[in-house]
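Enquirer: Just so you know, the protein sequences line up as chains Z and B, in that order.
The working numbering puts the first residue of the first sequence at -6, with every later residue one more than the last.
The working numbering puts the first residue of the second sequence at -6, with every later residue one more than the last.
By construction, these hints were calculated from the structure, which means they are not laboratory data.
Since the model is a prediction, treat every value here as computed from it, not as a measurement.
Some hints could be false.
[Said to hold, decoys possible] Residues from chain Z that keep clear of chain B, each with C-beta distances beyond 10 Å, as calculated: (1) Arg46; (2) Val84; (3) Ala122; (4) Arg168; (5) Glu217.
[Unchecked claim] Computed beta-carbon distance windows for the label pairs: (6) Z:Gly118 with B:Arg224: 39 to 45 Å; (7) B:Gly193 with Z:Arg58: 51 to 57 Å; (8) B:Arg167 with Z:Lys236: 26 to 32 Å; (9) Z:Ala57 with B:Gly118: 34 to 40 Å; (10) B:Gln222 with Z:Arg53: 49 to 55 Å; (11) B:Trp150 with Z:Arg132: 42 to 48 Å; (12) B:Pro153 with Z:Leu216: 30 to 36 Å; (13) Z:Arg160 with B:Gln222: 50 to 56 Å; (14) B:Ala57 with Z:Glu214: 51 to 57 Å.
[Claimed, not checked] Simulated coverage check for chain B against chain Z, where a stretch passes if three residues somewhere in it have a Cβ under 8 Å from a Cβ of chain Z: (15) 39 to 50; (16) 146 to 157.
The C-beta atom is built at its ideal place from N, Cα and C for all residues, glycine as well.
There are 2 protein chains.
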Amino acid sequence: MKANAPIGIFDSGIGGLTVLKAVIRRMPEEDVIYFGDTAHVPYGSKSGATVTRYSLEVARFLAARGVKALVVACNTSSALALDAVARAIDVPVLGVILPGANAAAAATRNGHVGIIGTEATIASGAYAAALRARRPGVRVESLACPLFVPLVEEGWWGHPATLLAARHYLAGLRRTDIDTLILGCTHYPLLKGVVRRVMGPSVRLIDSADAVARETESLLENLELRRRQGRGRQKFFVSDDPKRFSRLARRLLGLRSGTAELHAFD
Amino acid sequence: MKANAPIGIFDSGIGGLTVLKAVIRRMPEEDVIYFGDTAHVPYGSKSGATVTRYSLEVARFLAARGVKALVVACNTSSALALDAVARAIDVPVLGVILPGANAAAAATRNGHVGIIGTEATIASGAYAAALRARRPGVRVESLACPLFVPLVEEGWWGHPATLLAARHYLAGLRRTDIDTLILGCTHYPLLKGVVRRVMGPSVRLIDSADAVARETESLLENLELRRRQGRGRQKFFVSDDPKRFSRLARRLLGLRSGTAELHAFD
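Isolated chain Z (complex conformation) (with noise of 0.2 Å):
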């Protein structure tokens, strides 16, 4: 493996640019291949079996292309496949589960922490065993919030439907004392704002995008795989339709993914 290797991050749509831009911020003289398997999206609501072919499919294509290490920038995907990933090729794979529960970790006061994600990650359990984990005698409320990824995706971060659903949602956990909540899923960040609205400003928002790249870092330091030099550059591979992604990727979050390529699986 060579430093000068791009690091390769996925996702099942456009959440993980979030994760994306939080890599760029940290690490600009990296190249990054990202690959949004939209002919699958949403994982939110699929199966653990389904959403680990899925997974597979994805990380051997990156893998093919030479990535040095690879962020599983969708936590549906780190939830549930993590470990078949990590097996099924020989890179580095950091998922962000783990980089998310343990700044959750750190952060709560009263060991009182929320979390919302999608169904799925949700049932899986994954952030609570993790934070337990991390932090013994943690109390954890998990809560999925299935709407959420629609009405980002809609661009309705701050539509008064958006902040209905995230009072509907939320109710129970604002009658809790938790003073820490993790946004477990890489869209949700765009809705820091609604969800702030009715949380408070004394719960703690923890959005795992800069954990995770600080994360990759420490990683490539590790393995002395950092690239020292140079201006990075973004490669973007999508599984459908490269415009309405690239649309998405301007309008969610300024990004320019104009060369975003078509690589359908079978």
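Following the hints, position chain B against chain Z.
Expert: Chain B in isolation, oriented as in the chain Z frame:
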């Protein structure tokens, strides 16, 4: 082909169950095999090539199970993949676009018709073309409502957030003088109450499920393939997580599909 063979019905998920219910109501003697392509749901935000690939997999599976006719009970697939499906299998194939367009063309008095559907269905222009073919000079307003499917799948048919979303999407349509509105997605009949509330009582809502069931019956009559006696049974297949499908089918449509069987595509 034998009259005792089952009718095949498929959709990307649970939406087509509204068509299944209409078919059972009209032809209670017929056996039906339903396929929900839940590993690939939703179709409505995906490209023609991808929707066609998925549709062909399902159609071939149902043809191999010996169905005597295939109802493509998904507007997106009907709009984008119907010809490909009809060419690929040796079974009569019906879509939902034509029956819906015909019903709307017959219903409108002022010749001004609205259509709501998924992004892919609306972008295809299939409804507008079918309406114009049936009733030259008709004026057509087309509108995508991407959040309606996730809102239905969440069971929020009468939720205040759904009403806000409907008001948002339909604001432009309300300012027109359409007298007929096609619910161009098999999920949308479940939002009839909300859509009626926003559009007012003077706009006639066209739900193609009944029109499709009628057309299926007449096709089978013409081919002398109607089953004349007995009581039909339903068999359900899904490409992901039968439990989730059964739960939704029960909640959304009061249908018992406890026997849903998993058939995953590679």
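Enquirer: Are there hints from earlier that the structure breaks, and if so, what are their numbers?
Expert: Those not satisfied are hints 1, 11, 12.
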